[in-house]
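First to last, the protein sequences are chains B and E.
The numbering used here applies: residue 271 is where the first sequence begins, and numbers increase by one.
The numbering used here applies: residue 1246 is where the second sequence begins, and numbers increase by one.
Hints listed in this document are in silico derivations from the structure and should not be mistaken for laboratory results.
It is possible that some hints are incorrect.
For lysine-lysine, the following DSS-like pairs were computed, each having C-alpha atoms within a straight-line distance of at most 30 Å [as the list claims (entries may be wrong)]:
(1) K1576/E with K1651/E
(2) K1719/E with K1789/E
(3) K1424/E with K1576/E
(4) K1424/E with K1313/E
(5) K290/B with K1719/E
(6) K290/B with K1303/E
(7) K290/B with K1764/E
(8) K1352/E with K1416/E
(9) K1506/E with K1789/E
(10) K1487/E with K1506/E
(11) K1313/E with K1489/E
(12) K1352/E with K275/B
Fair warning: this is a prediction, and the values are worked out from it, not measured in the lab.
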Amino acid sequence: MSSRKVVIGSPVGLHARPAKLLVELAGRLPVPVKIGRDENQLVDAASILALMALGVRGGEEVLVTAEGEGAEDAVTQVVELLARDLDSAEQAPA
Amino acid sequence: MVDELRGNPASPGAAAGPVVRLTPPPVLPEHWDTPAAPEAELAAATEALDAAVADLEKRAASVSGESKSIMDTQIMMAQDPSLRTGISDAVAGGRPAAWAIRDAFGKHVAALEAIGGYLGERAADLIDIRDRAIAAALGLAQPGIPAVDGAFVLVGQDIAPADTVLLDPAKVLGIVTEKGGPTSHTAIVARALGIPAVVGCAGAAGLADGQRIAVDGTRGTVAVDPDDDYVHRIEAEAASLKEKLAAHSGPGATADGHPVKLLLNVGSAGGAATDAAADAEGVGLFRTEFLFLDRTEAPTVEEQRAAYGEVLRGFSGRQVVIRTLDAGADKYIPFANTEDEPNPALGVRGYRVGVRNPGLLTAQLEAISLAAGDHDADVRVMAPMIATPAEAAAFRELAREHGIGKVGVMIEVPAAAIRARDILAEVDFVSIGTNDLSQYTYAADRMLGELGELLDPWQPALLALVANVAAAAKEAGKPAGICGEAASDPGLAPVFAGLGITSLSMSVSAVPAVRAALKDHTVEQCEILAAEVLRAPDVPSARKAVEEFSARSVDQRSRDGES
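Excised from the complex, chain E in its bound form (with noise of 0.2 Å):
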């Protein structure tokens, strides 16, 4: 039995090899004697800088495009003349070199964070050149990939945006990082080179240079000293899911033509173009937290009217569902929510927020009513964490009161799932939104790595309150979808065609494997696979339930193909 480590799968392929460490960052105590020489000092820290400029100027050399603006960019930053006097007044101020550049950085770097945003951003370019220079003040080895001869599975805690531009996939055979999630920049980076990669592997905190590791991509796992055969089989595995994957494209649909409409989860405007170039029916959740994250005071409605439209533009013709603020938890936006919460995952979040601070959300739907008229998507607006039906008629009058056509709730609160049935006869579409549900109803912070088998989408009671929650809606003949995280996974896609879901709403990386999965399927055998993971009493025999119908089924397809 090879010992494997569990991560998300964030680019698919699958592959083996030494592991090499990223060098992580220096870290400076909080302590030090004060230099005899400053000149000295001066002269080292000027110097690391100097080296620091000149290895990313070595580095914008190879690169291109995007890439080498954002390089070029990060260069003027690295010379700009107030860091160098930063650096001479912290000498004279009694700092050793080393110190001396983490001060001189500071103020530069806190007043970026500050702004957030798209400068915010650059904070981490800023981040990046300083703990360049400190290395080289230190004499450390340079924060990042090591030079090492051949090819290796590259781990880290995660990866830096300068990092990422010199992977080269010829020696880079796979990625695993601790931190991270299917969208990280890491993993974006990793799927356009090809590379297979596991994030958000806590387990890999543990694997130490030279050890041998197989990663596979596609499943999300990591096997520490896997033989041959294992690396054959998920090599193999791999070869044959891509060539099927290749094989599908277009409306999610089951082998016998049942619908499952495939949706993306769209996060800001930033990839717009990408995900609207994406083989999908749509956007099942558009999240907005974007515009209101690391802002002192709410966007106003042009602005808000033009970065939906960034989005819009791109599917014209096809549904956006656009999700209003979730402000709260772990989305705390300073002028939405209050810190005095003891409790903020149960706190005022989500559609809460709306209701104490009508203003923002009234002027969030008037931005989406002028974006929707600025555009032909077919646009749809959802509200978060509704608790009772009395919230979903609310927003619904709210939303219609701005002219907005078809509007649901999520389903995310237990409460919500349960009495579905009523919640779906006020609104004219419902969205499960698994990993807050799963949170709620095992009572378990979504935060605590520790509690994460409590979060796993395949626990009995998520996929019960899913069913009722799919059963209602059948019933009331609307819509039901999914847009958490569970909606990714290929093992489930049928499981929840068969209860009845009609979109699954994912990341464009998870799209293929998703809409293979239920092209295996007739609507019958989801119908059947369902029933029997609904009976499963835990996450271990739910999984199996679904790997042995999956063997029967082929075992079915082969014979009927000999015959």
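If we strip away everything but chain B, and leave its shape as in the complex, we get (with noise of 0.2 Å):
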């Protein structure tokens, strides 16, 4: 089993459209990625539902683990992009 630990990036934390781009990730990864504050809580990076439930705040830390073949790099990819402020990147708000 491979995890990592990583700060989120975006200030607005895990909303609707840094969880959207997880969960876009995560679709395209060949094992499953979970996500949570520990490793006890959880949820399935695909699961945009549940991400949202997580209610994840901006400079938050969280546990991305992933298990299987590949694991290594899907946690990699994983923590690269919640590591980055998402909501800036394409936002302009208006």
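Quick one: dock chain against chain with the hints and give me the complex.
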């Protein structure tokens, strides 16, 4: 099993837009990735509803885990995505 | 005489046409028969959810920008694997298709609502998908705007965000909703699309499909079965008003240049950019409740500082009056209020919460002070629900300790309005919250539509209290503003100017009409008008006094023009 911790880079937290980008990434990865505040509270990174229900805020640390072939690389990709400010990348506030 | 229903003016303009009612979301009875063939129910439920997703995708394809992004996220939510699992679990537990869908969504809706804030609002997106899927499973018409030929006036309880993106201004002549205020989603979208709209019109519940109605989004009225003369008249008035409003801009003032500041009521950081771009002189009421509602604990000083900064940034060089937390009554906040008050409107709310829980108030003042330092808006602070001069003095001291220079209080309690002179001796300015002041003056709950007449801002006792506050402020040489609904009434604007009110704070959309109404009168005319209105014994005579006065002025002007 591969697991790493990462601080959420989007100030808005794991809200709709960053959650959507994570779900899109998770769907492309070869193994299921789980995410949560600790190992007892892990949810499927491919479920936007579960991610949103975590209510993770910007600056919070989360745990990313995966199992199986390619797990290491999958976790790295997710960690890199989460560390970025996903909200500022494309959003022009109305 | 045409029969008129009243609501809130939400988007200016006038239009007439046949009613088309929004199809309401399906309501499932609490009892169901356990299906004989669960496989068939699972297939039906899956098919219904697929149909709802396909429908969303079709709608998403026709929009762009922010709307598209919102709908794409909504589609992803609808496709979430946990919904499919939930449906199959519910079917296995003996639910028919429609109930299985309801149960599968229920857990997620509750989870998002529990988080509140931005994520809480996404619960509405989920509810929208759920209702569409349930309607499909039951073979009912899809909730929302029915597909009809020709143009119509859309009537409903309220319009869901997903439906508003589909509003076609070529077909939707006007909008009337039973619920919602001037800042509701429906109102914002209607204004953006230039569709005349009246919201919060309780009488609209009685309107039936096909009935001809005329909507006047400027006055907030809906006429049932109007004759052609009536329709022509309101259309002509709307056109001339549009022309007139476009003719004015800049700071608020009477015809002879007596200034009355035009300020904005701002309720969140969300629309900050739009608000800042508006032609207004600043913010007269920045409600801070949005940061505290739907949470289990208070926001930190740093979070508050950032959120206030969002708004201050756009108002560089302009005044921004930040109101400290107004928790209680209709704005229940678990960590600030207690549940066991028999009469929350008369309980520990507004400033009183800060007295019981000083940490909340001092953290907020600290955040405001820090945010003010981060930006160069002219920041002032005011406390809600002040009843006595001693409370006003205590708040002033606390705010000054936090380095805030300009400190005011809201006048919302009759006691404070009656003793305005003593209150003004303690603070730099006052702002009258006419909504609560009406509620407390007339002992009429703001939430009870049935008592709406007593809460009319034209009520003489309310206006008498406003006059008392304005006179005291004039004497003290300090500003007295109005930041309740009354401030957005163009009919009352010259009356308030005549009483000596120095600023009017309202929603962005109300500004042009209020500005034009002030420009229509000299300060002397405003004073005469105010005196006439104060003499009126009831609402109809007060309104009549203004109508007759303005008719006389128009006659006068046209005679002046001829000579």
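Practice item. Mind checking the alpha carbons of K290/B and K1764/E for me, to see if they're no more than 30 Å apart? Key: violated, 50 Å
Q: Compare the distance between the alpha carbons of K1424/E and K1313/E with 30 Å, and conclude whether the hinted pair is satisfied.
A: holds, 26 Å
Has the given pair, K1313/E with K1489/E, been kept, meaning a C-alpha gap of at most 30 Å? violated, 36 Å
Exercise for review: Please work out if K1576/E and K1651/E have their alpha carbons no farther apart than 30 Å.
Suggested key: Distance ~26 Å between K1576/E and K1651/E Cα, so the pair holds.
Distance restraint between K1719/E and K1789/E, which requires alpha-carbon spacing of 30 Å or less:
holds, 28 Å
### Task
With a cut-off of 30 Å on the C-alpha distance, tell me whether K1487/E and K1506/E pass.
holds, 22 Å
- Message: Next pair to validate is K1424/E with K1576/E; report whether the Cα-Cα distance is within 30 Å.
- Response: Holds, because 18 Å separates the two Cα atoms, which is no more than 30 Å.
Exercise. For the pair supplied as a hint, K1352/E and K275/B, is the alpha-carbon distance within the 30 Å limit?
Worked result: holds, 28 Å
Would the pair K1506/E and K1789/E pass a check requiring their Cα atoms to be no farther apart than 30 Å? Holds: K1506/E and K1789/E sit about 26 Å apart, inside 30 Å.
(message) Run the distance test for K290/B versus K1719/E: straight-line Cα separation, threshold 30 Å.
(response) violated, 56 Å
Given hint K1416/E paired with K1352/E - CA-CA distance at most 30 Å:
Not OK: K1352/E and K1416/E at ~38 Å, beyond 30 Å, violated.
Worksheet entry | Straight-line alpha-carbon gap K290/B to K1303/E, limit 30 Å | holds, 19 Å
Hints 5, 7, 8, 11 from the earlier list are contradicted by this structure; the remaining hints agree with it.
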